[in-house]
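Q: Each chain, written out:
Protein chains: 2
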Amino acid sequence: MMSVQLTLDKLLERAVDLFPDRELVTKLPDGSTHRYTYADAYERICQLAHALDELGLEQGARVGVVATNHYRHFELYFGPACTGRSIHMCNMRLPDHHFVHTVDDAEDEVLFVDPAFVEKVAANADEFESVEQYVVLGSEAEIPETDLEPVTDYESLLSGHPTEYEWPDIDEDTEYGMCHTSGTTGLPKGVPYTHRAMYLHSVMGGHVDANAIGERDTVLPVVPMFHANGWGIPYGATFVGAKQVFPSVHTDPESIAHLIDEEEVTFSAAVPTIWLEMAEYLDENPEVDISNIDRLTVGGSAPPESLIRRYDEEYDAPILQGWGMTETSPLGTLSTLRKEVTELPTDEQYEYRAMAGFPVPGMQVRVIGDDGEEVPRDGETMGGLEVRSPWVTDHYHNRPEENEHAFTEDGYLRTGDVAVRNELGYVDVVDRDKDMIKSGGEWISSVQLENELMAHERVAEATVVAVEHDRWQERPLAIVVPTGTGELSEDDLESHLAETFPDWWLPDAYEFIEEIPKTSTGKFDKKRLRDRFDIVLEAEKEGDAET
Amino acid sequence: MMSVQLTLDKLLERAVDLFPDRELVTKLPDGSTHRYTYADAYERICQLAHALDELGLEQGARVGVVATNHYRHFELYFGPACTGRSIHMCNMRLPDHHFVHTVDDAEDEVLFVDPAFVEKVAANADEFESVEQYVVLGSEAEIPETDLEPVTDYESLLSGHPTEYEWPDIDEDTEYGMCHTSGTTGLPKGVPYTHRAMYLHSVMGGHVDANAIGERDTVLPVVPMFHANGWGIPYGATFVGAKQVFPSVHTDPESIAHLIDEEEVTFSAAVPTIWLEMAEYLDENPEVDISNIDRLTVGGSAPPESLIRRYDEEYDAPILQGWGMTETSPLGTLSTLRKEVTELPTDEQYEYRAMAGFPVPGMQVRVIGDDGEEVPRDGETMGGLEVRSPWVTDHYHNRPEENEHAFTEDGYLRTGDVAVRNELGYVDVVDRDKDMIKSGGEWISSVQLENELMAHERVAEATVVAVEHDRWQERPLAIVVPTGTGELSEDDLESHLAETFPDWWLPDAYEFIEEIPKTSTGKFDKKRLRDRFDIVLEAEKEGDAET
Ligand SMILES: Nc1ncnc2c1ncn2[C@@H]1O[C@H](COP(=O)(O)OP(=O)(O)OP(=O)(O)O)[C@@H](O)[C@H]1O
Ligand SMILES: Nc1ncnc2c1ncn2[C@@H]1O[C@H](COP(=O)(O)OP(=O)(O)OP(=O)(O)O)[C@@H](O)[C@H]1O
Ligand SMILES: [Mg+2]
Ligand SMILES: [Mg+2]
Numbered sequence: 001m002m003s004v005q006l007t008l009d010k011l012l013e014r015a016v017d018l019f020p021d022r023e024l025v026t027k028l029p030d031g032s033t034h035r036y037t038y039a040d041a042y043e044r045i046c047q048l049a050h051a052l053d054e055l056g057l058e059q060g061a062r063v064g065v066v067a068t069n070h071y072r073h074f075e076l077y078f079g080p081a082c083t084g085r086s087i088h089m090c091n092m093r094l095p096d097h098h099f100v101h102t103v104d105d106a107e108d109e110v111l112f113v114d115p116a117f118v119e120k121v122a123a124n125a126d127e128f129e130s131v132e133q134y135v136v137l138g139s140e141a142e143i144p145e146t147d148l149e150p151v152t153d154y155e156s157l158l159s160g161h162p163t164e165y166e167w168p169d170i171d172e173d174t175e176y177g178m179c180h181t182s183g184t185t186g187l188p189k190g191v192p193y194t195h196r197a198m199y200l201h202s203v204m205g206g207h208v209d210a211n212a213i214g215e216r217d218t219v220l221p222v223v224p225m226f227h228a229n230g231w232g233i234p235y236g237a238t239f240v241g242a243k244q245v246f247p248s249v250h251t252d253p254e255s256i257a258h259l260i261d262e263e264e265v266t267f268s269a270a271v272p273t274i275w276l277e278m279a280e281y282l283d284e285n286p287e288v289d290i291s292n293i294d295r296l297t298v299g300g301s302a303p304p305e306s307l308i309r310r311y312d313e314e315y316d317a318p319i320l321q322g323w324g325m326t327e328t329s330p331l332g333t334l335s336t337l338r339k340e341v342t343e344l345p346t347d348e349q350y351e352y353r354a355m356a357g358f359p360v361p362g363m364q365v366r367v368i369g370d371d372g373e374e375v376p377r378d379g380e381t382m383g384g385l386e387v388r389s390p391w392v393t394d395h396y397h398n399r400p401e402e403n404e405h406a407f408t409e410d411g412y413l414r415t416g417d418v419a420v421r422n423e424l425g426y427v428d429v430v431d432r433d434k435d436m437i438k439s440g441g442e443w444i445s446s447v448q449l450e451n452e453l454m455a456h457e458r459v460a461e462a463t464v465v466a467v468e469h470d471r472w473q474e475r476p477l478a479i480v481v482p483t484g485t486g487e488l489s490e491d492d493l494e495s496h497l498a499e500t501f502p503d504w505w506l507p508d509a510y511e512f513i514e515e516i517p518k519t520s521t522g523k524f525d526k527k528r529l530r531d532r533f534d535i536v537l538e539a540e541k542e543g544d545a546e547t
Numbered sequence: 001m002m003s004v005q006l007t008l009d010k011l012l013e014r015a016v017d018l019f020p021d022r023e024l025v026t027k028l029p030d031g032s033t034h035r036y037t038y039a040d041a042y043e044r045i046c047q048l049a050h051a052l053d054e055l056g057l058e059q060g061a062r063v064g065v066v067a068t069n070h071y072r073h074f075e076l077y078f079g080p081a082c083t084g085r086s087i088h089m090c091n092m093r094l095p096d097h098h099f100v101h102t103v104d105d106a107e108d109e110v111l112f113v114d115p116a117f118v119e120k121v122a123a124n125a126d127e128f129e130s131v132e133q134y135v136v137l138g139s140e141a142e143i144p145e146t147d148l149e150p151v152t153d154y155e156s157l158l159s160g161h162p163t164e165y166e167w168p169d170i171d172e173d174t175e176y177g178m179c180h181t182s183g184t185t186g187l188p189k190g191v192p193y194t195h196r197a198m199y200l201h202s203v204m205g206g207h208v209d210a211n212a213i214g215e216r217d218t219v220l221p222v223v224p225m226f227h228a229n230g231w232g233i234p235y236g237a238t239f240v241g242a243k244q245v246f247p248s249v250h251t252d253p254e255s256i257a258h259l260i261d262e263e264e265v266t267f268s269a270a271v272p273t274i275w276l277e278m279a280e281y282l283d284e285n286p287e288v289d290i291s292n293i294d295r296l297t298v299g300g301s302a303p304p305e306s307l308i309r310r311y312d313e314e315y316d317a318p319i320l321q322g323w324g325m326t327e328t329s330p331l332g333t334l335s336t337l338r339k340e341v342t343e344l345p346t347d348e349q350y351e352y353r354a355m356a357g358f359p360v361p362g363m364q365v366r367v368i369g370d371d372g373e374e375v376p377r378d379g380e381t382m383g384g385l386e387v388r389s390p391w392v393t394d395h396y397h398n399r400p401e402e403n404e405h406a407f408t409e410d411g412y413l414r415t416g417d418v419a420v421r422n423e424l425g426y427v428d429v430v431d432r433d434k435d436m437i438k439s440g441g442e443w444i445s446s447v448q449l450e451n452e453l454m455a456h457e458r459v460a461e462a463t464v465v466a467v468e469h470d471r472w473q474e475r476p477l478a479i480v481v482p483t484g485t486g487e488l489s490e491d492d493l494e495s496h497l498a499e500t501f502p503d504w505w506l507p508d509a510y511e512f513i514e515e516i517p518k519t520s521t522g523k524f525d526k527k528r529l530r531d532r533f534d535i536v537l538e539a540e541k542e543g544d545a546e547t
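Residue numbers (UniProt numbering), protein chains in the order written: chain A, 1 to 547; chain B, 1 to 547.
Only chain A is shown next, with the shape it has when bound in the complex:
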């Protein structure tokens, strides 16, 4: 058959050929709205391609982008890739030393930077070893006062270049981009992606048994475009020619809710905290209607079942859970309901929707026990989650040690997540192996405890971490943010948890705080919490756990 390479120019060419008039909408930082079409975007991407040539970037050179989600970032999703270069999607929310590490690790030769991040970049520029030039993502007037140099602005860079470009023939196994992991458990790790992987990931995003993103959808990626390729949404949506909406800095609940309402968004995606916060906003502003939504994808960490119910019952906006990793492009499993599940009573269906989900087509998944065999599919036996797919990485960039341990001999990635599996093949992620609480030789899942805490009506957010214990090794500490409406005591929470969990799972201590610190990608920052609550519990302090 024809050796048509699975490269990203194909996605773009399809959109501009068949859907030239479909819109790409950006809510700009100043609150105004920028609208243009795939045809417009295409011309500018061609100009960008010429500009990259003029900058003297070689094949394979990495182009760093430090930007929120907006149309210029979208252009950068294609310009470098379609010319044989690589986009490095930088996570500027990382702490400085991690941020610098990622830029150096990727050896970015140029950085495209939002005006708002110029200061942060400039403050670290001394430490960049490879960066030779800077481009500010705006017009000349938008370049802030800065020491960075050489610096130019994006609009001047593009202007004057031809609006057509002959894409080179690129082998599908060429790197098109790189992301770093979120740094939740340590130094972020670089994952280089190939054209083939993202092409296949984009196709699968449109599969009816996966995200089913089609041309009739309007997508709104709230998830940052630096977080695992914006979960592949900008590429998948381009492939089908769907309308796209970018929020730039406006990722607060109010702005997102209004964008969904006004732009008739049918598909959006973010980490759970975003949807948790938006629920508060929607309750206070019942005139805002988000019921256009068909799928509100949530991933990055597990959403509580209570959140899924709330979005169904109160806002008519179904939540769809996804599990994935930077290493998996990221689509791995989705809590779509297979036929057998749609025939179950509603309550049981919610149990399924609260799971990490079912492997999407093209993704091989297994849960391996200590004996090296697949664990029984009983929904109870825990094991290490391992995955294999054309869009899963086979190595980390510059990390020989991790590379030695992260892959099995038969080519699966060890995800570092602990999971169970049930008869119907659904995976539920119990916890990260690093976050599991080892109490007297038995494992307690921090995720299950925190999700049950968040189901309490007077809890806004909650997390659970291990603290040292002189007798049981580790015991759970619950850290809770009350909603503030009504009283909330340790006893309330303990009796609430006791309805679901055995005595020995119940936290030994509760801390009430105002806000749970989040990581750069909006996950609960357990590293920071463990440092902050670095206490040692003693046996006599315990209640039930000891008996």
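Don't read these hints as lab results, they were simulated from the structure.
As the structure is a computational prediction, the values presented were derived from the model and not from experiment.
Just to be clear, a hint being listed does not mean it is correct.
[Stated by the list, open to error] Here are some of the chain A residues that sit facing chain B, going by a computed Cβ distance under 8 Å:
1. Met1
2. His207
3. Val240
4. Pro390
[Claimed, not checked] A short, non-exhaustive set of chain A residues, derived as facing chain B with CB atoms under 8 Å:
5. Arg14
6. Thr194
7. Arg196
8. Val203
9. Gly206
10. Val208
11. Glu215
12. Phe239
13. Gly425
14. Lys434
15. Glu457
16. Ala460
Virtual Cβ for every residue (Gly too), placed ideally from N, Cα, C.
Given chain A, put chain B with the ligands in place with the hints provided.
A: Using the frame of chain A, we list chain B with the ligands on its own:
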């Protein structure tokens, strides 16, 4: 990223891993029903794999299958392919000399033959140059009296072999199968398929903007499994773990209607004549309910718009038109309605649904005029349809001459179909270039005329072919099968056509016959009709055309 090869064992492994209990149902020739599951099928496919090894078939050897659609044929869809051999799906409805040509052309080393076709195969066995053994697709008791040798039966061949098999690593560019074209325009041409092509085709079959075959579907391929991979349905359905229903010999309208009703079929596919005939049956048997159907795919030739309306209005079973070729695996375009079309009035939507359709994701399509440029997308200007995709062939087997002409320099296949394209990117196939009628230097589409004839309520079937004309070169001859209810005259037809077409398009002559001869894949056999009505029209016989 991981170099996971896109091979067909992945489809099978997914089905058996996640949907082991889903059913594969066959209505056997004797009228009884065979049911088993993917888990059962998998064990037998492993046994078949061992048996193929034992037969001494080398890597790359072609295994011919002469069979209707049933579970053993399904097993053969995987056994040879997953062990690095190739299944040659033989079209036994071809005239003998064509049938023999296809077997010799493919150099089949073994033929797996339905009991019902043993006689036909035996009658031609002398001419097979490569076939060394025969396997009858049944149990020992089902082998008919025959001279074929050596011959064994399928069940004995399988029995005793282990029910597990370690699939070899196969490069995705390896041939997994071969089909021959239908022979509508001449000697059938062999098309070799790779694993990669059919894997991608299967994925795309599940895309929400294509056939959207998902795990909740129950599929019934009426289209023979030798016709362009059964339009890829058995592979696509396996990938998602959908229930499959095979009719074997029972492809008459009554049987199909009952199977749809009883097995709750949601997706079926066939050439237009099947659905035309089934409509007659459904009208006479209103108690049969086929409204489970979500998509009744029709392809191979253009269905009349009147048929599409009838299925909506009377049976609540939406028809979806597809265009494709043996050369394209076959999925090319589908008359899915893009967002802009769903907003049009119903009548205009039907116009879209009567078109060949919109390019499925992954398929590049263009219509090229005489000047070598894309024709304007005005819905009127005709040109040659050209396509490019990872699942389009880049050569015919053993056909150097065709290979020289069928492909453009930049790697597109010249389909031989004449098409127009409209603003929204939809393709409508006007005719095959060989069937277009050239009247006085202007082109008349035989397909458009015949579809309008079939919209007449007293016409059961109709076709139009060119006949020689002493002044205008060629003129249309209409060949019509009346329904038999009420009178039908030439004048009725002429005035009916005159409502739609200009005078010079109207046929010069009408022939009324009892049945239109069909090709091996159920298309109108215009070659045969042209031979039968090999007449020369004279100028003085004409009416309006001359004035
Ligand atoms: N639906 C989900 N349920 C539970 N956990 C999830 C879910 N989706 C993602 N995760 C968690 O997120 C991880 C992947 O996140 P990401 O790639 O953003 O980096 P990280 O693992 O948070 O950071 P790092 O690898 O640098 O420590 C998964 O391994 C898993 O632990
Ligand atoms: N929806 C459709 N509308 C009109 N024509 C169609 C449609 N689908 C398929 N066809 C016709 O069928 C052809 C492909 O058919 P197939 O591969 O079965 O062999 P064939 O072209 O009939 O035979 P041969 O190539 O041997 O002459 C297309 O080229 C086109 O002419
Ligand atoms: Mg990680
Ligand atoms: Mg043909």
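Q: Confirm or reject each hint.
A: So, going through the hints one by one against the coordinates:
1. Met1: It holds, given that the least Cβ distance between A/Met1 and chain B is near 4 Å, below 8 Å.
2. His207: Because about 5 Å separates A/His207 from the closest Cβ in chain B, which is inside the 8 Å limit, the hint holds.
3. Val240: Check passed: Cβ of A/Val240 comes within 6 Å of chain B, closer than 8 Å.
4. Pro390: Hint holds; A/Pro390 Cβ to chain B Cβ min 4 Å, cut 8 Å.
5. Arg14: Interface hint status for A/Arg14: holds (7 Å vs cutoff 8 Å).
6. Thr194: Holds. Min distance 5 Å.
7. Arg196: Interface hint status for A/Arg196: holds (7 Å vs cutoff 8 Å).
8. Val203: With a closest approach of 6 Å, the A/Val203 hint holds.
9. Gly206: Holds, because the Cβ-Cβ distance from A/Gly206 to chain B comes to roughly 5 Å (cut-off 8 Å).
10. Val208: At 4 Å from the nearest chain B Cβ, A/Val208 passes the 8 Å test, so the hint holds.
11. Glu215: 6 Å, holds
12. Phe239: 6 Å, holds
13. Gly425: Holds, because the Cβ-Cβ distance from A/Gly425 to chain B comes to roughly 4 Å (cut-off 8 Å).
14. Lys434: It is violated, given that the least Cβ distance between A/Lys434 and chain B is near 24 Å, above 8 Å.
15. Glu457: 35 Å, violated
16. Ala460: 36 Å, violated
Going through the hint list in order, the structure does not satisfy hints 14, 15 and 16.
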